[in-house]
Each structure stands twice: as structure tokens, then as C-alpha cells.
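Undergrad: If you want the building blocks of each chain, they are given just below.
Number of protein chains: 2
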Amino acid sequence: MSYGDLLAPPPSYADSVMYAQPEIQPARDVGANAVGGTTTVYLDGDDGAGDEETLQIWVSDPKIEADTSAALVGKRVTHYKITTRTTIPSYIHKEVVVWRRFRDFVALDARLSALHRGYFIPPRPEKTVVSSTGDNFIAERAIQLQHYLNRIASHSKLRLGDPLRIFLTHQDLASSLDWFNMTAGRVITTIPSDLPSSPETPQRPPIAVASPGQPRDFGRFFKELRQTVVQSTAVSAVGGVLGLDTPKPKVMEEDAAFLVEKDRVVRMENELSGMSSKATKLLTLQQKFGEAVGEFGLECLKFAKIQEEEGTRLGKYSENGLECMTAANEMRKAGNTSIKVSRVSRAATAQTAQSLEPLHDYLKIMPSVRRSISDRNESLLTLQTMLAEADRLEARIAKLTPDFTKMKKVEDLKLELDATRATGEQAKVDYKIIQDRHREEFARLEKERVAQFHAMLLNYSRVQVANAERSLSLWRGLAEEFGASADEWRTPEPEKSGEADETTL
Amino acid sequence: MSYGDLLAPPPSYADSVMYAQPEIQPARDVGANAVGGTTTVYLDGDDGAGDEETLQIWVSDPKIEADTSAALVGKRVTHYKITTRTTIPSYIHKEVVVWRRFRDFVALDARLSALHRGYFIPPRPEKTVVSSTGDNFIAERAIQLQHYLNRIASHSKLRLGDPLRIFLTHQDLASSLDWFNMTAGRVITTIPSDLPSSPETPQRPPIAVASPGQPRDFGRFFKELRQTVVQSTAVSAVGGVLGLDTPKPKVMEEDAAFLVEKDRVVRMENELSGMSSKATKLLTLQQKFGEAVGEFGLECLKFAKIQEEEGTRLGKYSENGLECMTAANEMRKAGNTSIKVSRVSRAATAQTAQSLEPLHDYLKIMPSVRRSISDRNESLLTLQTMLAEADRLEARIAKLTPDFTKMKKVEDLKLELDATRATGEQAKVDYKIIQDRHREEFARLEKERVAQFHAMLLNYSRVQVANAERSLSLWRGLAEEFGASADEWRTPEPEKSGEADETTL
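Note that the protein sequences, when read in sequence, are chains A and B.
According to full-length UniProt numbering, the first sequence is numbered sequentially starting from 1.
According to full-length UniProt numbering, the second sequence is numbered sequentially starting from 1.
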């Protein structure tokens, strides 16, 4: 069972409308992410220039229409209204509305990944296996999409990039050439401010450099594979024995801070996965427990009814009849209270799930972090391969040059050498860009996590307080009806979880 | 999972001794049933003569000794100390101590059933399949045995009977002839006060009248079987067609009050079984939920540790290091609070189970009620059979008497007729006794149930109040540590479960 399931509205008991309003409303805006409501503002990095500028996005009014682009007649598609308000200068209009379908979000994600390599791109909502047009599904998806866009908008760099701006403002994406071009070839250098040394950027080399996910140049692929094998320590160790050429790569990952961060993020993800699975277990059991309280309450009501019939049979004015009626009444009160507590508990479960979302959010960005790390490794590998290849070509050329009969061959090799060097330069630039971006991204990720986890723990405890308060008041009411004195109740004093209470692991 | 399992002490987290004391102690003496503690006093019927007199019993000091009575060398047996304090005149000593083993309790139960037919005998603790001498098992059994004896002692009639008195006071049961005789033959009339017409009680008839559970007189058995078949309405309906003789039985169960009570008890048992299974589900899930909260807390502590290491690495005086330490600290507080809440919740689970015991107790006496109803039916069937048989014999005798050659046969038949009549008279007396006893027993059972259920609901809600209070105080403390203001908390007002809230089934 996922958090999402637990966030679904609990089924109502016996169609009662008593508690149509949510029972617990913590002071903070938990649940403010709802369609059309105020948006959650994510923590911006504090190192950018445009952070004073606001960028708020709402996803609303899902509309199901016939899909005119599909060959299949009768296929239906949902369009969402995207409303953007911003003070960012590159946006011509300060408020703009566009309509987008899910396919457009997939395209946005592809463009973000292509143009912003090295940044940790927020994960977009998953595609569904079953195409769903159910009301609940669409409402839930609108919330997810709004959350997604605002996460991008809260990223100090991504918010200023072309993909987001065009997505939010262009009325007809299909007709946007800029939008179309973004995935054609390598466009990592679109945001020039990120390039420390843009004058050095070489012209596009004659060998096609494919961006990740596009058809590869297989020649380079095999060269890189060989490089990978060469770098493997095991192969290096036995390389001499096997007669393999094992040159030491010319450039190594020597960014110690990066290696530490990488290691820390992996360990953290590992630990948070464990925490997430325990949280899911906790929520599942809280939900089941709440249901069990409700079921017990219903049994009390059923029993009360039997007693009531018995009381009626014995007669209102007989001693036994009266006793029976009183007993029935008490049982019914116990039943009603149990059912109310059950509802409070189920509301608390949904809100607890919501309060723990940052845990989930952090884990969901991890694939993006891993992809970014692998992009970095790939750039480095390409750089290493090209340098080794250039050495090899230079040696070949030096060997063949004295031989005039090989002049044509030498010319060809020189052209190949140029291409190899150009590719190497490009990889070097890529690597540098990713390295710089990583330096700020890892810091930003951790800063954001710390702040969000603080908010999470505060929200979590507030939800528990509200739940306990509500339950307490229900049970006290019941106990007093049964003859307990209000004087029994002590005023709860908050207990500090001081150092003395520390639990040893 | 049974209530008993849930009452077992919860395993301690991380060997912590923080909460060696139970966390929730409701105002009433829930759990006062402990060995050596004060005993729970059950509700006495208010119609008896001896109800002013006290009879309190404690079971304590279980001692494991070699079983000298067993052929098997090395077999060990547990003896329990039974302390009785009473003001009942038939007890010579006002305080007396005896030692009993489980086998003696089984014998007591057999004697109570034999001598007090028609009464609802409290159920004795079950035998165990595995012979257990574990400390936990013995302590638990001592509690059960004490509970059992006090339930008998609280019954207005059983408390005055010989079986209980001899059991509680005779130093050596094996040497008591009275004790031995109690199971030999029918001894239902031992308490003369219960017999409305004791002068009519006939002498023991020559045909052995077996008490239930003893070898039967098979002649009577088959006659009764025939009577049962005859009474079956289906057979009655087609009897004429098949040429069967279907005389209407001379005595029918016409006690309308009894039939109503019987029906009510059956329906109530049915409903309470459902409630009991929901209660068990509730307790099981509450226990699991509590454990899940604890597990989540442990994950928080583990994560806090990772963060702390990170903070140490970054250094105490760096901004990042400080932030990291703060985050670790918050996470640890959340973990500690979760673990404490988990303990509170598990204590609450055990106490909830205890508070719901009357539900269980009521269901446990049901086999006794059913047995008693079947005793009544059996007496009635015997009476009907004997009356029909007497008619048949009389007709036979009337037919044979004119024939002098059959004089010997007629004499034999007359002897058989006498025996049949005597058995019938005995059955009539039995039936009358059971009928009278039932009249008071059903009333007593219901009165006791109503009172115990009232106490149960009060205890139940008190336990929930205490649990919610404790949790509330823990969560408030945590939220305040995270920056929530104490002003946020509303003072819980007890909510009345008024009529307006009634839930439709």
C-alpha cells in the first residue's frame, strides 16, 4: 500500500454525513496542495540571482475531451488548466493560462533532462498502466502535476530555463520550434551563465555526439567499453599477465567532496528507504486499527439494538425493562463514540501520510540524482576514452608520417584525431559543467532536505497532537456519561524528550 | 490471538527500563485480580439469604514439587496456596489455608456440575495440552484459578454448597469421604432448601438413574430416543400415513418465560461472539500498530545517528555541521517520542483487553448455560418417556390381568410400572428443581451481565482516556520542541455522545 492509497478519502461509515468536514485541521497548511488552493512554496536555493522573483503555478479544471491527435476514434484525453503567476522578467505576461495534457509533461521532463544535465530534476508523476479517466484519479493527478511544476519552479536554476518557461507560456507547444529543437542533439549549453568558459566551446565536431537516450555512435561505445574494462582494477591487476595494454586513464575522478557526498547520499537513501517502509507499515496498521475500532463500534450498536428490543418487550415501566433500556443506551453511546474515534483515526492516518510526504519526496528525487551521477561518470569516461584514443592516433600518425606512400592514410588519421580531440573537449566541458552543478546541487539537496524534514517532524507531531486531542475529548465525554468524574482527568503537561530519555540502539 | 496472549507483558524495547512501571493506571482496580492482590468481588444475587456474608479467596505461592501420586518418576506438579476468609457460619474457621493442584480444581468442577444441576456453573480454566511449568504460565494460571474460585464464591447458591466448602477447607481431599461420595450417583437434592416439595421425594427407584456423564441405562436411552422421534413434528405430521403411533407427550415445555429467556440468551451469545471477535481484531491491530510506531521510532534513531556522524565529520563549528547536528537532534527526539508512544500504546492494549474481559467472561459461561438447558430437556424427556411407558405398561397390565395364566407376567409388569413411575417422579422432581433454578439463574445472569457491562464500558473508556492523555502529552512535548506554541493546543472538552449523533445501522 502506498502513501497515495492512504491519502484517498476514507469510505464513509453507514453513509453518515456527521463528519463531512475533515476532523483534524493542523495549524499549518498540510493539504494546501489541493487543486485551486494555495500552492506549497518550496525552498529556493539562496545563491541564485532571481530568487526574489516569484513563480507560482496552479493546475486545475481537468477537462476530458476527444483526442483529435489520435488515429483511434473515440479515444479521450484529459487537459489540465495551468495558471502561472510570476515576476520573472523573462516571462512577458505576469499571469498566463495554458492547457496541457499528460503527454506534454512527459515532453517537459525529457527537455529538462536534456538541457539541465547535472541538476537533480524533480521526478514527474508516473504514467499509469491503465488509462484512467475516473474523477478521483484525475483529481489526484492534478495535485501531483501541480506539485511537480512547483518543485521545478522552486529550483533556482530550472525555474529560469527555457523548458519550463515555454511549457508554461506557449499556447501551442506543437507549433513551437524552440520546444521541438530542445531534444534535437546536444543542447547542454543553452544557459550560457552556467558555462565558466563559453568562448572555448568548440564547434559541433563532425562525429555526432548523441545526447543520452538517443541512438549512440557505436564506435565510441565500444571504445568506452574497452576503457571501462581497462579501468577495472581487477583487469588492471592481471592485465600484465594477460598481455593486455592497461594504460592509466589520464583524468580520474578526484573530486573528494563529490565522492563523500555521493557516498553520503547513497547511505541516506538506504536508511530513508527503511524508514519509508516502516512509515508505510505504520500508516497501514493505523488505518486498519481505525477500521477495527469502527467495526467494534458497529457491533456495539447492533448489540444495543437487541437490548433495546428486549427493553421494549419488558416494558418501559418495569424495573427490568428500564435497566435494559439504560444498558442499551450505554452500549449505543460506546458504539457511537467508537465510530467517531474511528473516523478521527482515519482522518489522522491520511494526515499523517501527508505529513510524511517529504520523506517520500526525497526518495523520489533519488533516481534523478543517480542519473545525474551516471551522466557525470559518462562524461568522464568519454573524456578518458578520447584522450587515450588521441594518444593512440598520434602514435599511429608519428609512425606512418615518414612513409610517403601512407600520406592519404595519415591525412585520414589526422582528421580522426581532430574529431577525437573535439569530442574530448566537449566531454571535458560537459564534465566541468556537471561538476560545477553537482557542487551546488548536493548542497542544495541537503539544505532542502534538512528544512523539509524539520517541517515534516513538526507537522507530524502536530497531526498526532490533533488526533490525540480529538480522541481524548471523545473518550472523556463517554467516560463521563458512564459516571466518571471530570475531576479524574489530569491536565496533560507536554513531556520534553530530553537527553535523559535517550534510548540506546 | 486470544485475550490471554494480549495480556502477556509486552516485550521491552531495547532493554530499556524507563517504563518499568505500567504507564496507565486507571482509577478503578483494573488488574486488581493479580495473585496476592485484592480480589475482584463479583456481583451477588440479591435474593439469597447469605449475601451479607463475605467469602474471599486468594490463590498464591505456586510451588512445583515432585508428584508423589504419579507412577512416572520425576513428574512434577504445581501446588497452589488457597487462602479463604469468610464470615459464612458453615465455615468453622474464619481463615483457612489449603494447598491444591490443578487436578483438584477439575474434581471441584465435576462435583459442582453433579450437585448443582440447573445452575450456571462458572467455567474452570482449561487444561493445557502441553504440560507447562514455566513461570509465566504458572503465574497466569494462579490468576485464572483465583478468578474461577471467586466467581463460584460470588454465586448466591454455589457459595453455600458443600463442594466449594470442602474444597476450600479440607486439608486432605483424598481422605474426605464426603468429597468422594459427591460424584457417586445422583445427588442433586443435596441442598434441601432448593426443593420446594422435599417430602414428595421418592426413594431411590430400583432402576439405576444415571447422572449425566455416567454409564447410561440403555433401555431408557432407547425409549427416550423413540420419544424424541415421536415428538419430532415432521414425524408427527406423517405419522398417521406411516402407521406410526404418535401419542402427544403428556408433559410439554410450556414455561413461556424460559423459552423467551433461552431464545434471548442464544441471540445474545451470537451477537456477543461477533463483538468478541471484533474486539480481538481491534486488540490485535492496536498491538501491531503500537509496534509499528516503535519500529518507526527506531528508524528515526538510526537516521539520527547517521546525521550525527555527518555533523561530527563536518565539524561542530561549521554552519553545515551545526545544522546537521540540530537535524539529528530533532530526528532523535521524534524517535524517542515514537518509542514512548509505542510503549504507552502497548500498555493501553493490555489494559483494553483487561477492560473487555466481562465480554469474554459472559461468553465463557455460555457452555454452562447450554449444558444446564440440555439437563432440563433431558429431565423433561425422561419424564415424558416414563409417563408414556407407564401408560403402555398399564394398558398391557389391564389387557393381561383377566388372563390368570399371565399372572406372573402381570406381576413383573407391575414391578416395572412401579420402577417406571418412580423414575418419572424423580425426573419430575429434577425438572422442577432445574425449572426453579433456571428462573433465578436467567435473571441473575442478565442482572450480572448488565452490571458488569456497565463497569466494562466505564473501564474501557477510562483506559482510552488515559491512553489518549498520555499520548497527547508526549506529542505536545515533541511539537513544542519543534517550535509549536503551547497556545495552539485547545483544552479538550468532553464530547457528549448525544442522541443527535445516533448512527443508523
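There may be inaccurate statements among the hints.
[Said to hold, decoys possible] With the Cβ distance kept under 8 Å, some of the chain A side facing chain B (calculated, not the full set):
#1 Arg-103
#2 Val-106
#3 Glu-140
#4 Gln-144
#5 Met-268
#6 Lys-281
#7 Leu-282
#8 Cys-300
#9 Ser-461
#10 Ala-468
#11 Arg-476
#12 Leu-478
#13 Gly-483
#14 Asp-487
[Claimed, not checked] Capping the alpha-carbon separation at 27 Å, the derived lysine-lysine pairs in DSSO-like fashion look like this:
#15 B:Lys-288 to B:Lys-278
#16 A:Lys-447 to B:Lys-302
#17 B:Lys-262 to A:Lys-278
#18 A:Lys-305 to A:Lys-127
#19 B:Lys-288 to A:Lys-262
#20 B:Lys-81 to B:Lys-302
#21 B:Lys-262 to A:Lys-305
Note that these hints are calculated values from the structure, not bench results.
Every residue, glycine too, gets a C-beta built ideally from N, C-alpha and C.
Undergrad: Looking back at the hints listed earlier, which ones does the structure fail to meet?
TA: 1, 2, 3, 4, 14, 17, 18, 19, 20
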